[in-house]
Amino acid sequence: MSRLPTFAIGGIHPPENKITAERPIEALPPPAQLFVSVSQHIGKPAEPLVERGAAVRAGQLIARASGFVSANVHAPMAGTVKKIDSVPDASGYRRPAIVIDVAGDQEWESGIDTSPELAADITADGPGIVEAIATGGIVGAGGATFPTAVKFSIPEGRSVDTLIVNGVECEPYLTADHRLMLEEAPQLIVGTRLLMRALGVNRAIVGVENNKPDAIAHLSTTLEEAGPFPEGRIEVAALKVKYPQGGEKQLIQALTGREVPSGKLPLDVGCVVSNVSTAIAVYHAVQKGRPFVERIVTVTGKGLREGRNFRVPIGTSVQALIDAVGGVPDGTAKVVFGGPMTGKALTGFTVPITKGSGGVIFVDESEANRGHVRGCIRCSRCVTACPMGLEPYLLEKLVNAGMWDQVEREGVLDCIECGACSFSCPSNRPLLDLIRLGKAETMARRRARS
Amino acid sequence: MTQPTLVVSLPPHEASRVSVATIMWSVVIALIPALIAGFLTFGIRSLVVTLVAVAACVVTEHFVARVLLRVETTPVSDGSAVVTGMLLAFNVPAGIPLWQIIVGSVVAIGVAKMAFGGIGNNPFNPALIGRAFMLASFPVDMTTWPTPGAARLFSWSVDAVTGPTPLSLVKEGGADVIASGSLPGYWDLFVGTIGGCIGEASALAVLIGGVFLLARGFIVWQAPIFYLLGLAGVTGVFWLVDPAAYADPLYHLLAGGAMLGAWFMVTDMTTSPMSTKGKVVFAFAGGVLAAVIRLVGGFPEGVSYSILIMNAFVPVIDRHLKPRKFGYGGRS
Amino acid sequence: MTAIVLYSMLTLGAVAAVFATILYAIARRFAVEEDPRVAEVEELLPGINCGACGFPGCSGMAAALVGAADEGDISTLFCPPGGNETMTTVGFYFGLEVREGAPTTAVVRCGGSVGAAPHKVRYDGHTTCAVAHATHAGESGCPFGCFGLGDCVDACDFDAIRINGETGLPEVDPERCTSCGACVTACPRNLIAVVPRGRRDRRVVVNCRNCESGAIAKKNCSVACIACGQCKRVCDDIVQAITIDANLATIDPEKCISCGQCVGVCPTNAIVAGFKPPPPKPRKKPAAPAAPAAPAKGGAQ
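Chains as they are written, first to last, in this note's numbering: chain A, 1 to 450; chain B, 1 to 332; chain C, 1 to 301.
The set of hints was computed from the structure by calculation and includes no laboratory data.
Fair warning: this is a prediction, and the values are worked out from it, not measured in the lab.
All C-beta atoms in this analysis are idealised placements derived from N, C-alpha and C, irrespective of residue type, glycine included.
There may be inaccurate statements among the hints.
[To be verified] A few chain A residues that face chain C, going by a derived Cβ cut-off under 10 Å, partial list only:
1. Arg94
2. Trp108
3. Asp330
4. Gly331
5. Ala333
6. Lys344
7. Thr347
8. Asn369
9. Arg445
[As the list claims (entries may be wrong)] Over the 12 Å line for every Cβ pair with chain C, so calculated as not near, a few chain A residues:
10. Ser91
11. Gly92
12. Pro329
13. Ala368
14. Asp405
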């Protein structure tokens, strides 16, 4: 067996716990109320367009992107705007959101094709596709929530030769992308073709870790049946299982061998990376006129009798998801929003699902607490684990000592916050906590300098 | 809405199961084959010396931590004092008076470890500091080597029969001994029926423990291998120049504390560099130093001093030999 | 024998001569001319290098004072820890007018003690406020409240702030506080301010920084300022020291006369004073029934 490709530096193997990998995607019972945040993306919050009391149709634009890096927000379901309020996000800080009382009948905005038939004929050209992506309010659904239209607007004079579709899903527990690759492969392929056309490239690689052999096989056969495509070649590449393979820089290196220079973007090595669920959202936006109003959320946990993969309207509260799986399992002491390696611990259940939230994970009391923090024994496990080749133990010390110039020199801004260091520390040291603090401080210092 | 009191922290929310205690107790397990070899070679006394050293180390750490410093460390359960005690005992002759090994243990933990702030903060390997202290304080007892013999497995007295170690043979005898062909054979050195410290009896037993640690992922292969390469390289050059006056490199690898040092002390986490590059330089330079001390220094054995000297260079190595960073070019 | 002694003396003498020459040359080459007044003024300053004056340490302040004195005006500079006493001495040294500053102290403006703002979640990360602030809104849910993890305590060089074990909130000892402002910078939630101490510590402070609407703030903390405006109404009749902005009342210490009327009318006990406030004067309608008494004064002392 030939060795499967992976990234070169560091990496860890957390227990996979993909409990819900076999569970097909199900629709969530319609929630009574939606809390649609207007800042579900990186960048400026969108500006609300609707007034209190207004009736909205499903898919109607309710908040418009303000500024270049921003994204439109649409009504996920039809109903009445109850109020424009603030709701707590995962950390408990309040963010402005549009509260919608969901109506009994679901009337869609005109021009949206809600039929399940595959629309494989591509008529739009590159700029038209980017336009449709922007209109549809699509952001990176893998968790970064960077507006997709901005990512795919290649600046003048730059060139891209490869589109990378991220089907790695290296986070433990999460299975949303896995299920999508199995259940919506044709849509994924059309979405990928659209993105290739938008970039003007003739090569696309779908990277999938080898712990999802069914997805790799299914995608390959579907591709063979559907192809060849006028846009070019789409490959499916199996990757060695290693966290954080889903990191943009790590995935590019694993698939193309190119190393994104420090402080640069994938664009600088001729690549653009997009998540599989983003690609499917692009398919819906361009081919069906259907904006980004729902996503797949994995609700799982070792204590849960039955984990599920739900199709959830954006703005549904976590409480509605918890009700759908029969309540919080006994003994749960922590609920993680997103993946266990990078997700946030919830402070309450009124938090709404946003475009970037891929999972709700119940963590049992026995695993919820961090262990007792002990002294660093210089075991160098964090150094070995760091996929960016940093020295987390050193950064931790420097941040603690407030030696900010050295923190910056040691490359703190290269940190991708994957959590491999904190994961591997045998002394349970809060390495990433302090590195994040160091990043924030360094960024503030940079801004102050310029 | 019933909501349990939720625990909130920054990600990651998963942690590996490896703790400091896991690592330290694995080292203890890895040292057990060498202990068995020591027992088979030097008799029951080697076990007693080891136990006393471990007990003295644990008691000292506990006393310093809880009574003097009043800090929350768990000396016994994290196993680090046990490792120090075992390594110290492995570096002394089985016939050592018990009060001397207790003094050595107190120095190892009290002076070399706890005085610097306890686990993780000691610049020098505590067991080796303890040994160096004992060698300077009790030179006669520390170099009185019981002659090995399986017949005396349960005999307490070992003072009666003493003899040279393989390394003192080549050091003091020089060309005559080498020419006479009376040196122990490679097999004896490997399996362990030779004189020396408790842990030096069998290179094989040490190797078993080392491979165990390697398989558990607690040490990197570069550290022991480059140490042995450094040692073999320098002794090899001398041997090639004058085979009549110097022992061959294989002899040097198998005799004395080279194996124990390479697998258990060069790889000590706290006192070795953080990056793999740094570990290579640290280990190789240590091996070269050990060979130089053995061949031209005043002592027949140079492993402990070579490692102690290299310990002093760890901060410099850490500062200059960084891991390869992603996105700055260069090969991994 | 004599030869050895002679040679030793000559060699050592030569070595000494060479080094002496080098040292002399270096001393000349890199000599720094310093105004002798700077050192003298530095002697007059407290010498704690706290940086509250805005200069790096006392020598920086001394240099700035000397520079300003050459311009003929040092009234823009002030040493908070030294206070008027130090500044009078400095003014006397230069023979120039100095600014009078009222004695100041740091105050922590949060009353969200364990009792007043019960914990809903449990924080389990690195125990500094800076990391906690980046992690979550707070164990009580108040995104403006104190974490009680003591970044201010660590920042204080004068042991003037301690966490009160009962309330879980930091308390400033005005006797020790030098108003250096280290805690003000250290607090990630901007809860600490340096305010005039007031005569005999009679200062009145709004003990809350919560800018959420009253209903939300009150849900998390019984002593939150809900911007009801009662305090402003009483104060408007007296000195107009209170303003309400962004759901939060603020007292202007310059105008406040420490009468304590606002303390009595506050329905949530969010205003605290360093003295026993007088009973509210019966005017208009009586104030809303006060919330259950909470150990809220902690923050201001």
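Structure versus earlier hints - violations, ascending order: Numbers 2, 3, 4, 9, 10, 11 and 13 - these are the hints that the structure violates, sorted from lowest upward.
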